[in-house]
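Below are the chains, spelled out letter by letter.
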Amino acid sequence: MINATKKWIFLKISSAILVPLMVWFLFNLVSFYDKDYNEVLLFFTNQPTKFLFSLFIIFAYFYSALSISEVFEDYIEHEKLKNIANKLLYLFAIIIPLSTLLLLYKLSI
Amino acid sequence: MKDKNPLSPHIQIYNWHISSLISISHRITGIINIIIITLICFWVALLLLGNTNYELIQKFFETYFGKFVIVGIVWSFSFQILSEIRHIFWDLGFGFELKTSNITGLLVIFGSLVLTILIAGKNLFL
Chain B
1 MINATKKWIF
11 LKISSAILVP
21 LMVWFLFNLV
31 SFYDKDYNEV
41 LLFFTNQPTK
51 FLFSLFIIFA
61 YFYSALSISE
71 VFEDYIEHEK
81 LKNIANKLLY
91 LFAIIIPLST
101 LLLLYKLSI
Chain S
110 MKDKNPLSPH
120 IQIYNWHISS
130 LISISHRITG
140 IINIIIITLI
150 CFWVALLLLG
160 NTNYELIQKF
170 FETYFGKFVI
180 VGIVWSFSFQ
190 ILSEIRHIFW
200 DLGFGFELKT
210 SNITGLLVIF
220 GSLVLTILIA
230 GKNLFL
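Protein chains in written order, with the numbering used here: chain B, 1 to 109; chain S, 110 to 235.
Note that these hints are calculated values from the structure, not bench results. Hints are supplied without guarantee of correctness; some may be wrong.
As the list claims (entries may be wrong) - If you only want the chain B side, here are some residues facing chain S, beta carbon under 7 Å, derived:
(1) V19
(2) M22
(3) L26
(4) Y37
(5) P48
(6) S64
(7) S67
(8) E77
(9) K80
(10) L104
Glycine included, C-beta positions come from ideal geometry on N, C-alpha and C.
Given only the sequences and the hints, what does the whole structure look like? Please build it.
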């Protein structure tokens, strides 16, 4: 199996997982966005929220990194520049969710 | 041949129709959504700093602009969800006919607006 096929399969699996997680997050976001500190803290520290939110950001960054790299593939001509852009993108897609997960699991009421 | 992959034609050369509009909007909302999710990650990080710092965010979301931002987030996510479902059906081999593709494209546009009104309207304005 060539790399482009693997990438396409990963993209499709992650999008199928991400859709219900986005729906879940959207319904919760509109119900807690203007609540006070303690209520928002309670939302993020409760289970299964913690677990679902972790899955949401992992799959969101995974899916976004793959799909944005497709945009780079389509529109960046210079090979070296494309490689740098892809490396920065993948680094960003690892560091942000990883540090958020670490902070999330440090949060307590 | 030096460059194996030809670049995609840039969007200015296309005649606009529903499919191209949905395609470019899908990419734009995808990028906007990851920026939004990154801001949400910073929001979670801010919770660690305690109640005093959090009041600023709470006050921001109580303003009309704050509510407008939330409505924008709901629309952008809704659009991406519906467009992604359309892609999943294509991947399963359904909906390629021009007429069906135009109808599902319109469903994505109007469906995202209806979803935004249903989700955001109920929680933000009622």
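Okay, the hints, checked on the actual structure:
| no. | hint | verdict |
| --- | --- | --- |
| 1 | V19 | 5 Å, holds |
| 2 | M22 | 5 Å, holds |
| 3 | L26 | 5 Å, holds |
| 4 | Y37 | 4 Å, holds |
| 5 | P48 | 16 Å, violated |
| 6 | S64 | 4 Å, holds |
| 7 | S67 | 6 Å, holds |
| 8 | E77 | 6 Å, holds |
| 9 | K80 | 12 Å, violated |
| 10 | L104 | 6 Å, holds |
When held up to the earlier numbered hints, the structure conflicts with 5, 9 and fits the remainder.
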